[in-house]
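If you want the building blocks of each chain, they are given just below.
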Amino acid sequence: MSLLHPKDDTKPWTGRYQPYDLVKEACIAIGVIASLAIVLAVLFSSPDDQPSTIAQWSNQLPVNFVTAATTELDGTSGTAEYGPPYNHNGEGQHAAFIYLQKWLGVSHPINTADDYVIDPLKTIPNDPALQSALAQYQAAPEKTQKAWGEAYAKPLEEYAAAEEEGKPLPKTVAVDGTTGMVSVQASSAGPVPTMMRSLLSLAKSGGLDGSLLTSRQFFQTDYTKPLLFMADGGLLDKRAEEQHLGGDEWGMMNETGSYPGQAWLWLYALWYQIEPFKNSENADILVMMMMGVLSLAFISVPFIPGVRSLPRKIPIYKLIWREHYRTTSPPPGPQPPRPVPSSSSAPPLRGT
Amino acid sequence: MSDYHKGSWTVKVREAAVAALPPEKLLPDGQPTYVASWIYVFGVASVASLVVIITSGTILALKGPAWWHFTGVGHFFNSIHMWAVELFFFVMVVHLWGKYWMAAWRGGRARVWITGAITFLVAVPTALTGYVSQQNFDAQWISTQAKDGLNSVGVGAFFNVTNFGQMYSYHVLLLPIAVVILVSAHVLLVRRHGVVPPIELNARLAIAPGGEAPAPPPSTVGAGS
Numbered sequence: 001m002s003l004l005h006p007k008d009d010t011k012p013w014t015g016r017y018q019p020y021d022l023v024k025e026a027c028i029a030i031g032v033i034a035s036l037a038i039v040l041a042v043l044f045s046s047p048d049d050q051p052s053t054i055a056q057w058s059n060q061l062p063v064n065f066v067t068a069a070t071t072e073l074d075g076t077s078g079t080a081e082y083g084p085p086y087n088h089n090g091e092g093q094h095a096a097f098i099y100l101q102k103w104l105g106v107s108h109p110i111n112t113a114d115d116y117v118i119d120p121l122k123t124i125p126n127d128p129a130l131q132s133a134l135a136q137y138q139a140a141p142e143k144t145q146k147a148w149g150e151a152y153a154k155p156l157e158e159y160a161a162a163e164e165e166g167k168p169l170p171k172t173v174a175v176d177g178t179t180g181m182v183s184v185q186a187s188s189a190g191p192v193p194t195m196m197r198s199l200l201s202l203a204k205s206g207g208l209d210g211s212l213l214t215s216r217q218f219f220q221t222d223y224t225k226p227l228l229f230m231a232d233g234g235l236l237d238k239r240a241e242e243q244h245l246g247g248d249e250w251g252m253m254n255e256t257g258s259y260p261g262q263a264w265l266w267l268y269a270l271w272y273q274i275e276p277f278k279n280s281e282n283a284d285i286l287v288m289m290m291m292g293v294l295s296l297a298f299i300s301v302p303f304i305p306g307v308r309s310l311p312r313k314i315p316i317y318k319l320i321w322r323e324h325y326r327t328t329s330p331p332p333g334p335q336p337p338r339p340v341p342s343s344s345s346a347p348p349l350r351g352t
Numbered sequence: 001m002s003d004y005h006k007g008s009w010t011v012k013v014r015e016a017a018v019a020a021l022p023p024e025k026l027l028p029d030g031q032p033t034y035v036a037s038w039i040y041v042f043g044v045a046s047v048a049s050l051v052v053i054i055t056s057g058t059i060l061a062l063k064g065p066a067w068w069h070f071t072g073v074g075h076f077f078n079s080i081h082m083w084a085v086e087l088f089f090f091v092m093v094v095h096l097w098g099k100y101w102m103a104a105w106r107g108g109r110a111r112v113w114i115t116g117a118i119t120f121l122v123a124v125p126t127a128l129t130g131y132v133s134q135q136n137f138d139a140q141w142i143s144t145q146a147k148d149g150l151n152s153v154g155v156g157a158f159f160n161v162t163n164f165g166q167m168y169s170y171h172v173l174l175l176p177i178a179v180v181i182l183v184s185a186h187v188l189l190v191r192r193h194g195v196v197p198p199i200e201l202n203a204r205l206a207i208a209p210g211g212e213a214p215a216p217p218p219s220t221v222g223a224g225s
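Respectively, the protein sequence lines represent chains A and B.
For reference, each letter of the first sequence is one residue, going 1 to 352 in the working numbering.
For reference, each letter of the second sequence is one residue, going 1 to 225 in the working numbering.
In case anyone wonders, no lab produced these hints; they're calculated from the structure.
Just so you know, not all the hints are guaranteed correct.
Ranges of calculated distance between the beta carbons of each label pair, as one might list FRET restraints [claimed, not checked]: (1) A:GLN60 with B:GLY72: 25 to 31 Å; (2) A:ARG326 with B:LEU173: 44 to 50 Å; (3) A:ARG326 with B:LEU21: 45 to 51 Å.
Every residue, glycine too, gets a C-beta built ideally from N, C-alpha and C.
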C-alpha cells in the first residue's frame, strides 16, 4: 500500500448475472434524450439576440463612442494599456513570480491609435480638412499628441462622470439632436476635434465596422479588433447589465433571456464573487490557477487521501445498492467462510 | 501459427485487442445483479446526449454558421443542439456524483475515473467555443469576458476567443474529436473492468484474485462468442 495505491479490497463479481441488452439500452437512451431535447427546443427555443455593431454604438451612444475613441487615440483605453497578447503597454496579470501573460508575448498586436482611429480615417477620401488634421497630428511630437488628446478627453470624462452620478451634464459636450454629432468645447486640442468628428461620421455610416475587419485578405474571420474596441465602450456593458450578465452577477456563465447558460461554469464564476479574488488586480490569473489546481484534484480523486475515502464514510452507496444489500444480506448468526472459486469453477448463475 | 503470422503487426494488434476486450465483454448480454438502480441510467444518458449533440451539430455545420440565424428550421436545430448540451452536462454531472459516491475507481478502475473527469474538463471548452461561435450578442459578450481569464495564463496567445474562425474550428472539429476519443476510451475501460461492485461486497461474498471483471458465460453471449 502506498499513497498512490491505497488498500483496495474490491474484487471482481462472482455472483449472479441478469439479462442485459446494451445495444437496446443505448438506442432507447438516444431516443429519450433526443425527444427531451426536441420538446425543450419546441417549448423554449434558444436565444439569439442580434449582435451590436459599431454603427449602432455610435448612433445610440455617440458621446460614449467619442470618449472611447479618444482613449484609444491617447493610449489610455483598456485595450491600449492591456499588455500581452495585444501590446507591450503593460505586463498583464501575475501571481507571485509567475508572469504567464507576459511570457507568452504579443500574438495579436493592436496599436489602438493607429488601428482604431488613424488608419480608418485614412480611408476617407475627398476631405481636405481631415487630411490636413491627420497630417498635423502625425507630424506632431508624441508629447504634443498626448496633450491634444488629454485636452479633448477632459470634458468628455466630466460628462461621463456626471452621467454616471446622475448630476447635471456639463455644457462643454453637446449632442446635435438631428444629426447625433458630438461637439466638444476643448481648447488646445489641436486637430483632434476634426479627427473625432470624421471618425464619428464614419462609424455612424457603418464604415468603421468594415474598416476594422479589413486586412491583407478578402475573407475575414477574426473579430478581435472590433470586439476589443467595443468592449472599451459602453454599449456591450449596457446591454449586458440590462440582461444581468455582469461579472458581479456571475458573468459569462449566464446567457441572454432566461436560459440556463453555461451553468457548469458556476465554480469558476463563484471565485469572482468573493474575496480575495473579487477586488484583486490579478483576479483572472488567481481564479484560473485555482481552477487548474481544483481540476487536477478532480482528476486525481482516486489518489487523494480523505477525498477517496469519503464515499465509504457517507453511505450514500447503501441507497444506490439497497436492492443488492437486501437480497444478499446473510442471515443472523455466524456464517461459514465461502470457498474461493477455482478457475475451473462453473460460471456464475444467470438471471434472477 | 506460421512464421508469417508470428511477425504480423496486424495479428499482434488484433490478439492484444481481443485479449484486452473479448467480444463478450465489449457487447455483453448480462450484467451483475447489483446493477439495479436509476443512477446507472445517467452514464448511458451522457453518451446518448453526446450522440444528439453531434447529430444536431453536424446538421448545423453542414449548413454553415449563419444558417440558423435566418431560417426557422436552422433555429430549431440550434435549439435542439443547445438543449442537448444542457442535458449532456446535467446527466454527466449526476453520473459523476453517482460514481463518486460509489467510489467507482475501486478494483483497478482509476483510469475509468480519470478518463471521465478529463472528458468533463474538455467538454467545458468545447461548449465555450460553441457559445463564442454563435455570432450574436451572447458571443460578443462571452468572448470579451472570457478573454481576460485565458489571457492571464497565456492561453490567449494561441487560443483567441474573439477570433470567430479559430473558435469555430475548435468547436466543430478539434474539441469534439477529443471528447469522442475520451468518451470512447472511458466506455471501453468500463467494459474491460466491468461495473464496479458494491462497497462491502467482499465482506459477504467469495473473493477471486485479479483486477478485471469476469466475462459472462460464453454460452449466453450469442454471435460474438
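### Message
Flag every earlier hint the structure violates by its number, smallest first.
### Response
3
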